[in-house]
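Undergrad: One-letter residues, chain by chain:
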Amino acid sequence: MRPLGKAASDDDRPLIERVRKGDQDAVRALYERYFDRIYNYVYARLGRAEDAEDLAIDTLTRSLTRLDLFQDQGVAFSSWIYRIAHNATIDHYRRHGKVALVSLDHAPVPESADPSELAVEQLSNEELHRAIRDLTDEQQEVLILRFFQDLTSAQVAAIMGKTVGAVQALQHRALGSLERALQGRAIT
Amino acid sequence: MTPEVQRLERLAERLRAVEPYVPPPGAKIRGWNLLLAAVEQSTMARSRVHPMRRLIIGAAAAVVLLLASAGAASADSLPDSPLYPLKGVLENVRGTLTFSAADKLTYHLDLAKTRLTEAETMIARHRPDLAATSLKALDDQLQGAALLVQAERQANPAAAVRLQDRLRQAVATDDQQLANLQGQVNTSGAASAIVQARQHAADALKLAEGPAASPTSSPSPGARVSPLPSASLPLPTLSP
Numbered sequence: 001m002r003p004l005g006k007a008a009s010d011d012d013r014p015l016i017e018r019v020r021k022g023d024q025d026a027v028r029a030l031y032e033r034y035f036d037r038i039y040n041y042v043y044a045r046l047g048r049a050e051d052a053e054d055l056a057i058d059t060l061t062r063s064l065t066r067l068d069l070f071q072d073q074g075v076a077f078s079s080w081i082y083r084i085a086h087n088a089t090i091d092h093y094r095r096h097g098k099v100a101l102v103s104l105d106h107a108p109v110p111e112s113a114d115p116s117e118l119a120v121e122q123l124s125n126e127e128l129h130r131a132i133r134d135l136t137d138e139q140q141e142v143l144i145l146r147f148f149q150d151l152t153s154a155q156v157a158a159i160m161g162k163t164v165g166a167v168q169a170l171q172h173r174a175l176g177s178l179e180r181a182l183q184g185r186a187i188t
Numbered sequence: 189m190t191p192e193v194q195r196l197e198r199l200a201e202r203l204r205a206v207e208p209y210v211p212p213p214g215a216k217i218r219g220w221n222l223l224l225a226a227v228e229q230s231t232m233a234r235s236r237v238h239p240m241r242r243l244i245i246g247a248a249a250a251v252v253l254l255l256a257s258a259g260a261a262s263a264d265s266l267p268d269s270p271l272y273p274l275k276g277v278l279e280n281v282r283g284t285l286t287f288s289a290a291d292k293l294t295y296h297l298d299l300a301k302t303r304l305t306e307a308e309t310m311i312a313r314h315r316p317d318l319a320a321t322s323l324k325a326l327d328d329q330l331q332g333a334a335l336l337v338q339a340e341r342q343a344n345p346a347a348a349v350r351l352q353d354r355l356r357q358a359v360a361t362d363d364q365q366l367a368n369l370q371g372q373v374n375t376s377g378a379a380s381a382i383v384q385a386r387q388h389a390a391d392a393l394k395l396a397e398g399p400a401a402s403p404t405s406s407p408s409p410g411a412r413v414s415p416l417p418s419a420s421l422p423l424p425t426l427s428p
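Quick note, the sequences are listed as chains A and B, same order.
Residues in the first sequence are numbered consecutively from 1, following this note's numbering.
Residues in the second sequence are numbered consecutively from 189, following this note's numbering.
Next comes chain B alone, as it looks inside the complex (with noise of 0.2 Å):
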């Protein structure tokens, strides 16, 4: 052990001889009846508060996840699920938040495809009913967006042509994809409600074509389109 060493263990000895200072009693018996105050007073304020918060924070965040898990669930809901119904109102939601024509349309067409991948699975489930309710869907999603192109072309001519092309083009996909479904149904109603669809759609094509309609006749997104006359235009394709 070097001397440093040694002398600085002999400090460290000395330095653990010290006597520690004590606390006068006054200062222990004020420090405990200012603790107890204390403790009395949280205790008294987490009494008060936390039953009811905790009530509050418990039954939002079970609608919050009810709501949640519902929402999701419903995103791929089918039309014979139960949860159908609040994929509407979601869907309806999602038009109030769109704004520009761009996004109307895009949300429209978005929509027609929706329908048609619904009518898919119905028919593919054997419910023809509710194929042909999609398909009925389909039509007034498209006629929506034929009413908005119209509307665009008074307000924004150029911009109207852009819209019209991804409408025609979207349309030219929906008609591709009922010709080949309309090759798989072997009920005559189902096949019916497809070769009503593409015509209906073929409508909607045209009338977006068309001359301009009022600018006020622009659906909102959202909202329920009415089903318009059906033109009597000849189909390209119409036989499976």
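Chain A with its partners taken away, still in its complex shape (with noise of 0.2 Å):
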């Protein structure tokens, strides 16, 4: 199902060093690794296959030709670009303007939402997302993390500067406040 190719891990050290040697096959290996992968995750935060696409290419470039800039001192590649993806949405976001979000662990639930009654099988992808990008902004990024990059609790902390119980906590209630803001969909 999921064609975004091997997780992130450590593995990616023997290629960073070649990189940084000058080997422009280590570039090429590091840029299939994941160019998917970050266009997905912007994708999934703007919404707009231009700006994912913009957004992606600036991502990959700027990581892979600044390497000098990346300490490889207990922070995995990985994390460092998705890193610089967050950040090239947040400046996105600034540039072009982005509603005004609220947290939805607050909103208030439809007097007729019944969150039972919620078919999530019979949800569309694209509900799904659209209601996902309504959610404030680290709610998003880790539902976009864990559940379409599916990256491990530890590997989205590394990301988000969190600790792991505070990852499971913020998913928990991106969660809850994505099925809120489904039930509110659905009965609108």
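Which chain A residues face chain B? A few, computed with CB under 8 Å, are given here:
| no. | residue |
| --- | --- |
| 1 | Y31 |
| 2 | F35 |
| 3 | D36 |
| 4 | N40 |
| 5 | Y43 |
| 6 | I57 |
| 7 | L64 |
| 8 | T65 |
| 9 | V120 |
| 10 | F147 |
| 11 | F148 |
| 12 | H172 |
If you anchor each label on the Cβ, the simulated ranges turn out as follows:
| no. | chain 1 | residue 1 | chain 2 | residue 2 | range |
| --- | --- | --- | --- | --- | --- |
| 13 | A | A29 | B | A263 | 51 to 61 Å |
| 14 | A | G74 | B | D291 | 50 to 60 Å |
| 15 | A | V75 | B | L224 | 23 to 33 Å |
It is worth saying that the hints were derived from the structure and are not from the lab.
Source: prediction; values computed, not measured.
Even glycine gets a Cβ: it sits at the ideal position worked out from N, Cα and C.
Could you use the hints to bring the two separately framed chains together as a complex?
TA: This is the structure:
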């Protein structure tokens, strides 16, 4: 189902060393490993193919031409590149504006909404994407990284600069908010 | 498992099943071409700039390190050290950076103290020739200080009194130290140099207390001071 390729891991280190020595094949290998993942991440955040393409290219170019800035000290290359993608997304929001979001943790649930009636299996992918984009920035990020990017809680924690426990709590709240958002959409 | 957790788990499973967005093939090719161009550009820029920059930075760092090391080492060097001439250069540089009369006096008195310490060490090392050179330099510094006080007396008499007091105290301390040293030497050449130094110190003090010299005669710190002819004054404690 998921053609995003091998999950990011410590295996990047030998490639990074080769890139630093000017090995173009290693650049190509890292590019192939991460382009689809970063494109998918940015697209899920922004919802526009053109912007996702530009930001994915920008992220890969920045990270692979500035490897001198990457210090391999407890932070995986994958975490670093996702941080760059995240920052590029935030910059994009700043330049082009974004609808102000409020946390749905405390959003009023419609009176007739009954979460148990939500048939999640019948929801379309696009409905899910749209509902996720209505969540807060952190909630979006945790859901996209955990479920679309298939990263572990520990990997997400490294990317977001949080503890594993905080990521798990955030994930729980994000799923609850998403459920309420979907329920709200279903009854309106 | 609570109903809520079950619902959220189902939702999570549904999210895992969402098909990912796949970039169009053209996007990947375009991105690779842009990346390749950026890599080549950065490689060219690095190869164009780095060797020369590295060479300059390396050479500059080596020179700074060498000068700093030599300067630090020469600060404590003695007349029998190969680094001693550098110490003189650094002292002259320090002299050119002093401006007020009080600072200039401090400069002269510090150097006088340094020369006296050097003379003591040279005598201990049985180098009376170098000890005599240091004592001569001590005279020069005290005479420079005396001329400074004289010049200041015309410009600012009140300040000159304070400078003169400092000089008097310094000469008294130096004389005591010279007297002690005189008692330790066993060669006539070294003893003669010490006696001469004590007399020149007294002369310098007399010069500072005497009639005003022309302001233009005030030496700048760091400049070599011509030794004055010794005044035939009776010295209080010449015998060891």
